[in-house]
Amino acid sequence: MPFWINLIGGYTALGSRIVVMALAAMSLNFLLGYTGVLSFGHAAYFGLGAYGVGMTIKYLAPSTPLGILIGITVGTVAAAVIGALIVRLRGVYFAMATIAFGQVFYFIAFRWNSVTGGDDGLSGWRRVPIDLGFHTLNIGGSETTFYYFVLACFAVAVAIMAALLRSPFGRTLLAIRENERRARFLGVPIEFHIWLSFVISCLFVSVAGTLYALLNNFADPHGLHWSQSGDFVIMAVLGGMRSFWGPLIGAAIFVFVQDFISSRTDNWMSFIGLFFILIVLFFPRGVLGMIRRKANS
Amino acid sequence: MTQLILFNLFNGVIIGAFYALMALGLSLILNLSGVINFAHGGFLAVGAYLAYTMMPYTGFWLALVIAPLLTAVLGLAVERVLIRPLYGRDPLYSLLLTFGLAFMLQDGTRYIWGPQTLPFQVPSALTTPLSDTFFFLTGYRVLMMVLAVAAVAGLFLILNRTRLGMRIRAGTADLDTVSVLGVNVRILRNLNFGLGIYLAGLAGILAAGQLGLEPTIGDSLIMPSFVAIIVGGLGSLPGTLLGGILIGVASSLTSVFFPSATEAVMYVMMALVLLIRPRGLLGEEGRVQ
Numbered sequence: 001m002p003f004w005i006n007l008i009g010g011y012t013a014l015g016s017r018i019v020v021m022a023l024a025a026m027s028l029n030f031l032l033g034y035t036g037v038l039s040f041g042h043a044a045y046f047g048l049g050a051y052g053v054g055m056t057i058k059y060l061a062p063s064t065p066l067g068i069l070i071g072i073t074v075g076t077v078a079a080a081v082i083g084a085l086i087v088r089l090r091g092v093y094f095a096m097a098t099i100a101f102g103q104v105f106y107f108i109a110f111r112w113n114s115v116t117g118g119d120d121g122l123s124g125w126r127r128v129p130i131d132l133g134f135h136t137l138n139i140g141g142s143e144t145t146f147y148y149f150v151l152a153c154f155a156v157a158v159a160i161m162a163a164l165l166r167s168p169f170g171r172t173l174l175a176i177r178e179n180e181r182r183a184r185f186l187g188v189p190i191e192f193h194i195w196l197s198f199v200i201s202c203l204f205v206s207v208a209g210t211l212y213a214l215l216n217n218f219a220d221p222h223g224l225h226w227s228q229s230g231d232f233v234i235m236a237v238l239g240g241m242r243s244f245w246g247p248l249i250g251a252a253i254f255v256f257v258q259d260f261i262s263s264r265t266d267n268w269m270s271f272i273g274l275f276f277i278l279i280v281l282f283f284p285r286g287v288l289g290m291i292r293r294k295a296n297s
Numbered sequence: 298m299t300q301l302i303l304f305n306l307f308n309g310v311i312i313g314a315f316y317a318l319m320a321l322g323l324s325l326i327l328n329l330s331g332v333i334n335f336a337h338g339g340f341l342a343v344g345a346y347l348a349y350t351m352m353p354y355t356g357f358w359l360a361l362v363i364a365p366l367l368t369a370v371l372g373l374a375v376e377r378v379l380i381r382p383l384y385g386r387d388p389l390y391s392l393l394l395t396f397g398l399a400f401m402l403q404d405g406t407r408y409i410w411g412p413q414t415l416p417f418q419v420p421s422a423l424t425t426p427l428s429d430t431f432f433f434l435t436g437y438r439v440l441m442m443v444l445a446v447a448a449v450a451g452l453f454l455i456l457n458r459t460r461l462g463m464r465i466r467a468g469t470a471d472l473d474t475v476s477v478l479g480v481n482v483r484i485l486r487n488l489n490f491g492l493g494i495y496l497a498g499l500a501g502i503l504a505a506g507q508l509g510l511e512p513t514i515g516d517s518l519i520m521p522s523f524v525a526i527i528v529g530g531l532g533s534l535p536g537t538l539l540g541g542i543l544i545g546v547a548s549s550l551t552s553v554f555f556p557s558a559t560e561a562v563m564y565v566m567m568a569l570v571l572l573i574r575p576r577g578l579l580g581e582e583g584r585v586q
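Read top to bottom, the protein sequences are chains A and B.
Letter by letter, the first sequence follows residues 1 to 297 in the numbering used here.
Letter by letter, the second sequence follows residues 298 to 586 in the numbering used here.
Chain A with its partners taken away, still in its complex shape (with noise of 0.2 Å):
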């Protein structure tokens, strides 16, 4: 078991969860704090790497890799199809059209039962041990060695996110972030390059998605519901939209906070919304935001 969990009275798979919705979380943020686009339709791509790779192991072969690699195509080309549609929208109006796009796999995955599991989601599956050749990575018994596997894909996905920003690539999108007007005269193909982030960040969160999937042994139509979206929006407003670790302080504090709630009271909804309009209102830099504010003062 991974030491720190222990430490705030958790368990393993909701470390395992932190750190796929952190995840999740710091991919939305490549788009939203980096680039200054808002989506609110980022559970539609997580949901499609659910179950892509659920699907996979389930009725193609039984292989995790092959399973996550497939899930995050279909989430990646899927993104790249609506992006290319939507791209020209602005503000409020591409949040909504993100929103109105990721509706769709929902209600695919609702309606199609005989192949989704409609409502009651893909069950019937479990990850398989990954074989490296020289070892077998053995996932599917033990929770610890799954935490690790997730740890790395994490790590690995988070590097790979870093390495984009600090590039020419990532400059570019923090000009647009900052005056778009001023980016578009100096020759930037505004369009491409907003399309190019928002595709660079459904890949990640469709990578958290077949984490997501392969935690649970199961994918849920709710897992690409719009208000997944939004707890994906408020881990990354939460831990500071502005920084590149916010979100990952986001999505621990939210996990954590949701796990607690929902297992004390039924009305857990009013709690989280609470939850929500508080942070609106008194945490607009998020809790990163906040503690540089007054390192800096």
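Please keep in mind that the hints were generated in silico from the structure rather than gathered at the bench.
Treat the numbers as computed from the prediction; the structure is a model and nothing was measured.
Virtual Cβ for every residue (Gly too), placed ideally from N, Cα, C.
A hint or two may mislead.
[Unchecked claim] Partial pick of chain B residues on the chain A-facing surface, computed with a CB cut under 7 Å:
id, residue
1, Tyr390
2, Leu393
3, Leu394
4, Phe400
5, Val524
6, Ile527
7, Leu531
8, Ser557
9, Tyr564
10, Met567
11, Ala568
With chain A fixed as given, assemble chain B onto it according to the hints.
Quick look at chain B alone, frame taken from chain A:
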């Protein structure tokens, strides 16, 4: 077959008018204040439940008048206390706040009135079918249609004939200039929000009579309203009306031929519109950028 298609066509127009009623409220708030009101479905449920509670004392017709007004008052208060501090900030924040508010409204109605579906009694004179040869039409459906049309017409009269409406339209085009000309933008936004929530409350009562009453009643209506706004054209109220009716008819006709795609067809429609005309059917140039 003809009967089935006619039936669904009528059905589609009624559902579409419904989407439009809800979408117009959303659109009003979005255009003037830049707030995507996620809690619109929650307000819709509140309106319906208020009418339900009131009806044993006041009867259906009086409840139909009073409940939306009370919902609007709640809307005014919410705007005043929660939304107002967020103007001028990233639109993300108001979106998240109303998202949280939607959770609270849904859970609140569940807490007060219970999670089960409640029967919503409409006067029996309205429930007898007027004709069942070519279409199935009850007085209630006619009433829904008439009220939706009346609300839309009333809204257009307010917007085009009154000083308040003129200011709302001007504010939609350029809020800064309106403010400089001496209009109290705070009050304008407050009233505009209340008007939008009034429409939500009215839609809620009409929906409850048709679908029964449960805390999630607004959930299935809010996404079609978004789609109606995008299809019809951002910033255009006639477009929102057109978009609502178009997707209502489309999904209703699809349910004849391909039932499992009933919900998806409106999103396909939205994709096609965005592909051909990103600003929507009746949207103004420049709104998209």
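Interface hint for Tyr390(B), Cβ within 7 Å of any Cβ on chain A: Constraint on Tyr390(B) satisfied, holds at 5 Å.
Tell me if Met567(B) is really an interface residue toward chain A, meaning its C-beta lies closer than 7 Å to one of theirs. Met567(B) check passes; min Cβ-Cβ to chain A is 6 Å, inside 7 Å.
Return the status of the interface hint for Leu531(B): holds when the least beta-carbon distance to chain A is below 7 Å, violated otherwise. Given a least distance of 5 Å, the restraint on Leu531(B) holds.
With 7 Å as the cut and Cβ atoms as the points, is Ser557(B) at the interface with chain A? The hint holds - Ser557(B) has a Cβ within 7 Å of chain A, the shortest such distance being about 5 Å.
Does the CB of Phe400(B) sit less than 7 Å away from some CB of chain A? At 3 Å from the nearest chain A Cβ, Phe400(B) passes the 7 Å test, so the hint holds.
Under 7 Å, Cβ to Cβ, is where Ile527(B) needs to be relative to chain A, so tell me if that hint holds or is violated. 6 Å, holds
Quick check on the hint: Val524(B) CB to chain A CB, less than 7 Å? Check passed: Cβ of Val524(B) comes within 5 Å of chain A, closer than 7 Å.
Was the hint right that Leu394(B) lines chain A, CB cutoff 7 Å? 4 Å, holds
Would you check whether Tyr564(B) satisfies its interface hint, that is, whether its CB is within less than 7 Å of any CB in chain A? Holds, about 4 Å.
Under 7 Å, Cβ to Cβ, is where Leu393(B) needs to be relative to chain A, so tell me if that hint holds or is violated. 5 Å, holds
Is the interface hint satisfied for Ala568(B)? The criterion is a beta-carbon contact with chain A at less than 7 Å. 6 Å, holds
Hint compliance for this structure: every hint is met.
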